[in-house]
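Engineer: Each chain, letter by letter, is given below.
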Amino acid sequence: GESVGLHLPTLSVQEGDNSIINCAYSNSASDYFIWYKQESGKGPQFIIDIRSNMDKRQGQRVTVLLNKTVKHLSLQIAATQPGDSAVYFCAERTGGGNKLTFGTGTQLKVEL
Amino acid sequence: GAVVSQHPSWVICKSGTSVKIECRSLDFQATTMFWYRQFPKQSLMLMATSNEGSKATYEQGVEKDKFLINHASLTLSTLTVTSAHPEDSSFYICSASPQPNNEKLFFGSGTQLSVL
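Protein sequence lines, in the order shown, are assigned to chains A and B.
Positions 463 to 574 (our numbering) are the ones given, in order, by the first sequence.
Positions 5 to 120 (our numbering) are the ones given, in order, by the second sequence.
There's no promise every hint is true.
As the list claims (entries may be wrong) - Here are the simulated lysine-lysine pairs, PhoX-like style, with alpha carbons at most 20 Å apart:
id, chain 1, residue 1, chain 2, residue 2
1, A, Lys504, B, Lys108
2, A, Lys571, A, Lys504
3, A, Lys518, A, Lys530
4, A, Lys571, B, Lys68
5, B, Lys70, B, Lys59
6, A, Lys561, B, Lys108
7, A, Lys518, B, Lys108
8, B, Lys45, A, Lys504
9, B, Lys68, A, Lys561
10, A, Lys561, B, Lys59
11, A, Lys504, B, Lys68
Hints are computed from structural coordinates only; laboratory data are not their basis.
Okay, chain A solo, but in the shape it has when bound (with noise of 0.2 Å):
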């Protein structure tokens, strides 16, 4: 749905441990989902993307998980670490359409 508010929820987390943001989308007709980063005055940054089809995908230090049962994304990162502090937004595309909506963010702080 369409994002509102002023303030991010933060996550922070200690350098090596494993962080969880999660997210929950509006539609559930959404068929494809996207996780990015943003760093702060830069453009998104894609980390990976998932299909309705599927429950889990993995990438590179990273697994998103998809219950579509509740509506609910998540973004696992492995062995946090200082170069993953930002915000990170969940995205979907309803009905094939080639709009994406934007959850409304969460930012990651990591801790040395």
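Go by the hints and put chain B onto chain A.
Structural biologist: Quick look at chain B alone, frame taken from chain A:
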């Protein structure tokens, strides 16, 4: 990987002037590009879909006469903020995809617009 270049990175202008932002796909062709707007600590809000060779499609609430979009070629879309006012100050970002159905959208680096 696919590269989307956006220019300028930042611009400061006086109220009432117009500002043009360029979005280029450097290593692929894109019949469709997307323009987003982002306020501090908020998410990306889609403003419009830029279609090569035809009119842009604007999202509800976005003034098409205020935000002029031109997609003259398969590698270039421009967004012109006309008669800019301080409330137009924002981070503007474009995106495009080399894949069918616009999957794996790649984003430009964004343009920070400050209107004095």
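Engineer: Are the Cα positions of Lys518 of chain A and Lys530 of chain A separated by 20 Å at most?
Structural biologist: holds, 11 Å
Engineer: Lys70 of chain B and Lys59 of chain B: Cα distance at most 20 Å?
Structural biologist: holds, 14 Å
Engineer: Does Lys68 of chain B sit within 20 Å of Lys571 of chain A, going by the straight-line distance between their CA atoms?
Structural biologist: violated, 38 Å
Engineer: Check whether the Cα positions of Lys45 of chain B and Lys504 of chain A lie no farther apart than 20 Å.
Structural biologist: holds, 13 Å
Engineer: Regarding the pair Lys561 of chain A and Lys59 of chain B, is the alpha-carbon distance no greater than 20 Å?
Structural biologist: Holds, at about 16 Å.
Engineer: Taking only the CA atoms, is the gap from Lys518 of chain A to Lys108 of chain B under or equal to 20 Å?
Structural biologist: Since the Cα atoms of Lys518 of chain A and Lys108 of chain B sit roughly 17 Å apart, the hinted pair holds (cutoff 20 Å).
Engineer: So if I understand the rule, the pair passes when the alpha-carbon distance is 20 Å or less; does Lys571 of chain A with Lys504 of chain A pass?
Structural biologist: holds, 17 Å
Engineer: Please verify whether Lys561 of chain A and Lys108 of chain B have alpha carbons no more than 20 Å apart.
Structural biologist: holds, 12 Å
Engineer: Is the hinted pair Lys68 of chain B and Lys561 of chain A satisfied, with a Cα-Cα distance of at most 20 Å?
Structural biologist: holds, 18 Å
Engineer: Hint check: Lys504 of chain A vs Lys108 of chain B, CA-CA at most 20 Å. Holds or violated?
Structural biologist: holds, 17 Å
Engineer: Check the hint pairing Lys504 of chain A with Lys68 of chain B against an upper bound of 20 Å on the C-alpha distance.
Structural biologist: violated, 25 Å
Of the numbered hints listed earlier, those contradicted by the structure are 4 and 11.
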